[in-house]
Structure formats: C-alpha cells, structure tokens
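> On the provided structure of chain P, position chain L as indicated by the hints.
There are 2 protein chains.
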Amino acid sequence: MESMKIVIFLFDGLTALDAVGPYEVLSRIPNSKVYFVSGGTEFVSCTGGLHIVSDYSIYEITEADILVIPGGFGVDKLLNNTEILNWIKKIHEKTKFTTSVCTGSLLLGAAGILRNLKATTHWNHIEKLKKYDAEPVKERYVIEGKIITSAGVSAGIDMSLKLVQLIGSESLSKLIQLSMEYDPVPPFDAGSPEKISKELLALFHSANTQRNNA
Amino acid sequence: MESMKIVIFLFDGLTALDAVGPYEVLSRIPNSKVYFVSGGTEFVSCTGGLHIVSDYSIYEITEADILVIPGGFGVDKLLNNTEILNWIKKIHEKTKFTTSVCTGSLLLGAAGILRNLKATTHWNHIEKLKKYDAEPVKERYVIEGKIITSAGVSAGIDMSLKLVQLIGSESLSKLIQLSMEYDPVPPFDAGSPEKISKELLALFHSANTQRNNA
Chain P
1 MESMKIVIFL FDGLTALDAV GPYEVLSRIP NSKVYFVSGG TEFVSCTGGL HIVSDYSIYE
61 ITEADILVIP GGFGVDKLLN NTEILNWIKK IHEKTKFTTS VCTGSLLLGA AGILRNLKAT
121 THWNHIEKLK KYDAEPVKER YVIEGKIITS AGVSAGIDMS LKLVQLIGSE SLSKLIQLSM
181 EYDPVPPFDA GSPEKISKEL LALFHSANTQ RNNA
Chain L
1001 MESMKIVIFL FDGLTALDAV GPYEVLSRIP NSKVYFVSGG TEFVSCTGGL HIVSDYSIYE
1061 ITEADILVIP GGFGVDKLLN NTEILNWIKK IHEKTKFTTS VCTGSLLLGA AGILRNLKAT
1121 THWNHIEKLK KYDAEPVKER YVIEGKIITS AGVSAGIDMS LKLVQLIGSE SLSKLIQLSM
1181 EYDPVPPFDA GSPEKISKEL LALFHSANTQ RNNA
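Residue numbers (the numbering used here), protein chains in the order written: chain P, 1 to 214; chain L, 1001 to 1214.
Excised from the complex, chain P in its bound form (with noise of 0.2 angstroms):
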C-alpha cells in the first residue's frame, strides 16, 4: 500500500477518544505516519486531565493525505478563528479524505467546507450544522465525496475503520478490527437519546453530573 500521512488536529478542550479513537485505528494502516498538529503548544490538554503532545505546529504541516478534526468543548473558541479555519480549508485542498468526529464537524463547518452538504456530529449538537448551511442527517457517519463527518465521540472508531476499507480494502479494515478486538458489548444500550428512557434524558439535559458536549 502507498505511503499514507495521516493528520490528526489537536488543541486544548478535546475529547481524547475523539482523537485516539481514529488514531488508534488509522496508525495500523500499514506504510501510515500519524503526524499530530497543533495551533502552537507544545503539549494540548483534553477535557478530564490528559496531555497529550502536538509533535507540530499548523505552520509546519501543509498537507496530508488523511486529516482528523476531532471535536471537544475547546471546539467553541476556534470557530471564529480565521487562521485555524484557513488551515483546515488549505489542508483539505488536498487530501483524500477529510473527516471529522463529534463537534468537530462544526470546525468543518465553521471552514466552510460542509456547505450544501449532508454532516453529522454529537446528537445533542447537532442543529448547529445548519449554521454553516450543512444538512444535518442522525447516522454513526456520513460520507459526501471525500468528506467524512462522525457522530460523537466513540463513532471515530467506527468512521475510521470505513475510511481503511475505502483507502485499502474490506480485508484491512476487518485485519484491523480483529487487531482492536473490536467486537463491542456495552453493558447497556444507552448510547443514543432514542434508547434512554425520558427521565434519563431530561436528567442529561439538567445536570452537570457528566460532560454533556463531547
């Protein structure tokens, strides 16, 4: 397989799953080189207390086959941040695949790249799309031409190992899923509001006893 430079997005407020996530899949993509990218620091901190190192800057990245544009509370203070957003529209010029997981579909949008477009993003945020004029569409992830837009957090999972099958072949994307022992049993089916009871909702929806966004 030819040589892959897959590029991941980071900066303070992500959600680490939403990064390792696709990283833990798309890095066992063999003849791939995952290249993590910041806006600056040195070291990004993601909601909950983990660091995790930005091995370049924004300025030093100027292309990628793959890139990652994870999602995360920190997501709200780069929307109106003209040299982040220019750098992903510059950087999606020419890749392959553009993706992204959670709220960073809004990052997307924000680029204007999900104009006239079907996206989707975390389910309790996803009405902002229609801000950047994308149509918002309730699936694990969504596929329009080279652009890949994933529902919350844990759907980066999902979304990459579709992304190897189309970038390599079914056979990689199962060699990789087996690898991960990707075979999932939650102990509950709760993870979207339409298999939650009502109380539960509205408990989600009133209390700050979890992080709700990301």
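Wrong hints could be hidden among the right ones.
Stated by the list, open to error - Okay, derived cross-link-like pairs now, EDC-like style, lysine to aspartate or glutamate, Cα gap no bigger than 20 angstroms in a straight line:
#1 P:K198 to L:E1170
#2 L:K1198 to P:E170
#3 P:K33 to L:E1170
#4 L:K1146 to L:E1199
#5 L:K1146 to L:D1012
#6 P:K94 to P:E144
#7 L:K1195 to P:D12
#8 L:K1033 to P:E170
#9 P:K195 to L:E1170
Said to hold, decoys possible - So these bits of chain L aren't anywhere near chain P, every CB distance computed over 12 angstroms:
#10 I1006
#11 S1027
#12 I1061
#13 K1089
#14 E1144
Said to hold, decoys possible - Listed next, the stretches of chain P that the computed footprint assigns to chain L, with coverage defined by at least 3 CB atoms under 8 angstroms from CB atoms of chain L:
#15 9-21
#16 29-38
#17 48-59
#18 62-74
#19 106-118
FYI, nobody ran anything at the bench for these hints, they're computed from the structure.
Note that the structure is predicted; figures quoted are calculated from it, not measured.
Idealized CB from N, CA, C, for every residue including glycine.
Okay, now just chain L, sitting in the frame of chain P:
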C-alpha cells in the same frame, strides 16, 4: 458521589486506546480525578507514534480507588520488572477496583494478583494467562471480586462502563454512555477470531501488515 482517585499506569509501548478508552469513561464520573502514572519517564510513547504525558511517577502514587493497567507491546519488558510489579501489588491492596485492559492482564498476572482466578486478555494472548495460574476465559470482561480484566484494546470501554455501574449506578453508566454516543456500528462484524474467515485469520497470523497484539 464520593471522590474517586483513578490511577492509570503508562509505559513505553503502550496501546493508546487501552488507556484512553477507560480514561474517557472514568474521567466522566462526577468528583473523580485521573492520575497518569509511569515508572519514571515524563512522556510515554504509545505504539503508533502518540506521546502522552505521565504526570506522576510510581514513587508519588501510593494508593488508588481504581487502578487501570493497559496493555501493548511494551508489556513484555515489564513482566520481570519487580519494581513495577511490586508497585502494582501494593496499590492493588487498597483499591476499590483493580482493572486491566488487553495484555495489561499479564502484568496483573505477573504481579501475582490473578492466581486461581478467572481472567481474560486480548484473544491472541489468552493462553499466556495460564503461566500466572489464572484460568483464561473468553469474555468481554471478567469480574472476580474487585478485579476486572478485559479483552483486547477496545474492550476497556465496555469494562469501564460496567465499572461505573458497580461503583456508581446503572443510571450513571447510561448517562456516560450517552454523552460519548457509544452506540457502536462497526462497518463489519469482524472483531473476534470466530467472526472472520479462516483465510483472513491465517493472514492475520502470517502477515505483519498490522500490529497484532495490542
């Protein structure tokens, strides 16, 4: 909910998702704080290129409510490291729950914690548990009193959601699952060796086209 000290052990050659999956779940427990701990290095290299920050050394951490031991290629180098194994054993004495993901179970075994207990690990390494007098069980996770071992890589997410139920409540586990939109839809059903073709399984074992142990 009472405050919860969550300690995640890091080491070079770690599989990132083994640590970040549980982190993403457990850091959402109200009143919890996650401590990333290593044998000494400030930065830990995950297989695939990601570097994450270890905030504490094992000399600084003497107890935990929840201990998480992830796996990865780097486990092999630690199986005879008495300093690390003694630390794990000492922390385990006072935990509410001691957990492992993937080949992290072998570290629990080497620390003498799994003797005469059922346990699991990554499907490709499960027979190795016998070396530590543990009884290998092919389950997503295995609960033996306060010890929970998990299957490979992604299984740490399922295990952690179960742990949230045990240490908190079913409702809290569901709320966290919802916040992560953990409603998995892998593009293929290939996450365990029973679910893929013999040809693909042979390719998995013969080819070095993917990282096959972590």
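> It remains to establish, for every hint, whether it holds in the given structure.
Structure-based check of all given hints:
| no. | hint | verdict |
| --- | --- | --- |
| 1 | P:K198 to L:E1170 | 15 angstroms, holds |
| 2 | L:K1198 to P:E170 | 15 angstroms, holds |
| 3 | P:K33 to L:E1170 | 40 angstroms, violated |
| 4 | L:K1146 to L:E1199 | 40 angstroms, violated |
| 5 | L:K1146 to L:D1012 | 27 angstroms, violated |
| 6 | P:K94 to P:E144 | 16 angstroms, holds |
| 7 | L:K1195 to P:D12 | 39 angstroms, violated |
| 8 | L:K1033 to P:E170 | 40 angstroms, violated |
| 9 | P:K195 to L:E1170 | 14 angstroms, holds |
| 10 | I1006 | 10 angstroms, violated |
| 11 | S1027 | 3 angstroms, violated |
| 12 | I1061 | 14 angstroms, holds |
| 13 | K1089 | 26 angstroms, holds |
| 14 | E1144 | 17 angstroms, holds |
| 15 | 9-21 | holds (count 5) |
| 16 | 29-38 | holds (count 4) |
| 17 | 48-59 | holds (count 7) |
| 18 | 62-74 | violated (count 0) |
| 19 | 106-118 | violated (count 0) |
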